[in-house]
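A.B. asks: The primary structure of each chain is shown beneath.
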Amino acid sequence: MSELKTETMTLNMGPQHPSTHGVFRLKLEVDGEHIVNAEPVMGYLHRGTEKLAENFLYTQFIPYTDRLDYMNAMTNNYIYCSAIEELLEWEIPERAEYLRVITMELNRIASHLVWWGTYLLDIGAMSPFLYAFRDRETILDRLNEISGARMTFTYHRIGGVKWDAPDGWLAKVQETVKELHENIQEFHTLVTGNEIFQARTIGVGILSKEKVINWGLSGPIARGSGVNIDLRKTAPYCIYDRFDFDIPTEKEGDVYARYKVRVAEMFQSLRIIEQACEQIPEGEIITKKGKRIMMIKPPAGEVYRRVEASKGEIGVYAVSNGTNKPYRIKLRRPSFVNVSILQDLLKGESIQNLVAIFGSLDVVLGEVDA
Amino acid sequence: MSQELLDLIAEKINTLQGADTIEEAKLNFHKPMIILASQNWDLNTVNVLRTDEFLQFDFLSCVSAIDYEEHMEVIYNFYSTTLDHYLYVKVKTPRGNPVIISLEPVYKAADYMEREIYDLMGIDFTGHWNLKRILLPDEWEGHPLRKDYVTDKKALGLD
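Top to bottom, those sequences are chains A and B.
Our numbering numbers the first residue of the first sequence as 1 and each following residue consecutively.
Our numbering numbers the first residue of the second sequence as 1001 and each following residue consecutively.
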């Protein structure tokens, strides 16, 4: 019998595909069921955020940071404001720092909940999505009460925060924390031990520790591969050094490990919120100078600052030339760096694992495209 | 601590590239910063930064670029996951013909970050395996983050 001639086929996944939760294209070269080559194509959502920054007053850029990773806007607000504060060398009022921590951690849980729900939806489980969004809604209600918005908060300002907590808000947060504790515990009984879920995720999409570091991956992806780095702990910023919490890590490096890290992180965030609600002092919420936004003029200089967002390490490189507009703002978006690993990770995988692997990276396209 | 690290890095680079190759070595917000010209920056130096037992800068956190109008600068932010210290490296390159070596063969993290700089700032990274536009369409003209870039409002439908 003569040998059959076969050739590979190019297949476009996206730009409109339900599992990408945004506009993202994967150009796949497939040999039957197997992926020979995968090339991510992005930029469909590019808004020129970094260029826009150069035309605004320092404060006016904050709403644009909301729209990078819109699942975790509080941390984006924080990293931008804190980079400018570092250039200005300002002291931030205690109460503002506590409100920042509480809102950032609530937002981190909300972000992980969206991942948890949509990821399971992607791999075929319908009901977890409803549980996740029920709980996320409670968090968004709390954030709405303090900031006036559900997702694009613009709550952190240079020098502090915009609004003080309304009457009884902290008690409500404590109530929410208790509720979330029980509900997230339920996730384990619902999904974590599920045999079908484990069969789809254990041993799939394995990333070694060396690869994680060389590719610059961060966040739960890195911690799922045994890289014990969480900037809240390893390079404490804000007031994170005052709280008692752990860094959940797993060493397997597969999709299941990343899942376990994210679920465990939600409990750690709850711990931080609990402590912050107890310790928070009365006082100012923004420095006097922070209220005069036309006058925010950092001295000429530059600084790179990075913090831990829900997707990984988010950084801002801010350059000031002494005027009231930034000379250059560079944004290190964790999803943009994390998505690059797909080129390597998908090689040789079968198509049925593609969505399970891609989803496990928790990529937000608003952040990839900036 | 940071000052000692800065001295050590400066010494290593001087041994490799010859004395006076570093234009400036200082502490920027308590972190070491090295400024040098692109002809004194090569993969040899990068490999030393990454593998030297007292440096071990194994994590490339961020690649950024600034257009200073007279010249351009590419900034690499390194971090050591094992020794927990940071480094800024600023590499100067002329504005007329901005060329710098790519770190992609050593740090895969540079793959997308350098492509983004190439796309938006127009700096050429030699040795990059796949240097092409990443955020803007392939047929886009110009590099928007340059200070002299003029936005074509008509083409964008804004006028």
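No wet-lab data here; the hints were simulated from the structure.
Watch out, some of these pointers could steer you wrong.
[Unchecked claim] Okay, the calculated beta carbon distance ranges per label pair: (1) A/Ala199 to B/Asp1052: 53 to 61 Å; (2) A/Ser2 to B/Asp1052: 15 to 23 Å; (3) B/Asp1124 to A/Gln60: 51 to 59 Å.
[Said to hold, decoys possible] Here are the computed lysine-lysine pairs in the DSSO-like style, where the Cα-Cα straight-line distance is at most 27 Å: (4) B/Lys1012 to A/Lys51; (5) B/Lys1132 to A/Lys27; (6) A/Lys211 to B/Lys1132; (7) B/Lys1090 to A/Lys211; (8) B/Lys1154 to A/Lys51; (9) A/Lys297 to B/Lys1154; (10) A/Lys325 to B/Lys1153; (11) A/Lys325 to B/Lys1132; (12) A/Lys51 to B/Lys1153.
Don't be surprised by glycine CBs; every beta carbon is placed ideally from N, CA and C.
A.B. asks: For A/Lys325 and B/Lys1132, compute the direct alpha-carbon distance and say whether it is at most 27 Å.
C.D. replies: Not OK: A/Lys325 and B/Lys1132 at ~31 Å, beyond 27 Å, violated.
A.B. asks: Regarding the pair A/Lys297 and B/Lys1154, is the alpha-carbon distance no greater than 27 Å?
C.D. replies: Between A/Lys297 and B/Lys1154 the Cα gap is close to 33 Å, so the pair fails against 27 Å, i.e. violated.
A.B. asks: Decide if the proposed pair is consistent with the structure: B/Lys1012 and A/Lys51, CA atoms, cutoff 27 Å inclusive.
C.D. replies: 37 Å, violated
A.B. asks: Given the proposed pairing of B/Lys1132 with A/Lys27, does the C-alpha separation stay at or below 27 Å?
C.D. replies: Judged against 27 Å, a Cα distance of about 16 Å means the pair holds.
A.B. asks: Checking one constraint from the list: CA of B/Lys1090 to CA of A/Lys211, max 27 Å. Satisfied?
C.D. replies: 26 Å, holds
A.B. asks: Within 27 Å, alpha carbon to alpha carbon, are B/Lys1154 and A/Lys51?
C.D. replies: 18 Å, holds
A.B. asks: What's the verdict on A/Lys325 and B/Lys1153, does the C-alpha distance respect the 27 Å limit or exceed it?
C.D. replies: Since the Cα atoms of A/Lys325 and B/Lys1153 sit roughly 22 Å apart, the hinted pair holds (cutoff 27 Å).
A.B. asks: Kindly confirm whether 15 to 23 Å is satisfied by the beta carbon distance between A/Ser2 and B/Asp1052.
C.D. replies: At roughly 58 Å between Cβ atoms, B/Asp1052 and A/Ser2 fall outside 15 to 23 Å, so the hint is violated.
A.B. asks: Does the hinted range 51 to 59 Å hold for B/Asp1124 and A/Gln60 at CB?
C.D. replies: For B/Asp1124 and A/Gln60 the Cβ distance comes to about 33 Å; the hint is violated.
A.B. asks: When you check the alpha-carbon spacing of A/Lys51 and B/Lys1153, does it fall within 27 Å?
C.D. replies: 14 Å, holds
A.B. asks: When you check the alpha-carbon spacing of A/Lys211 and B/Lys1132, does it fall within 27 Å?
C.D. replies: 23 Å, holds
A.B. asks: Does the beta carbon distance between A/Ala199 and B/Asp1052 stay inside 53 to 61 Å, or does it fall outside?
C.D. replies: 45 Å Cβ-Cβ, so the 53 to 61 Å window is violated.
The structure is inconsistent with the numbered hints 1, 2, 3, 4, 9 and 11, although it conforms to all the rest.
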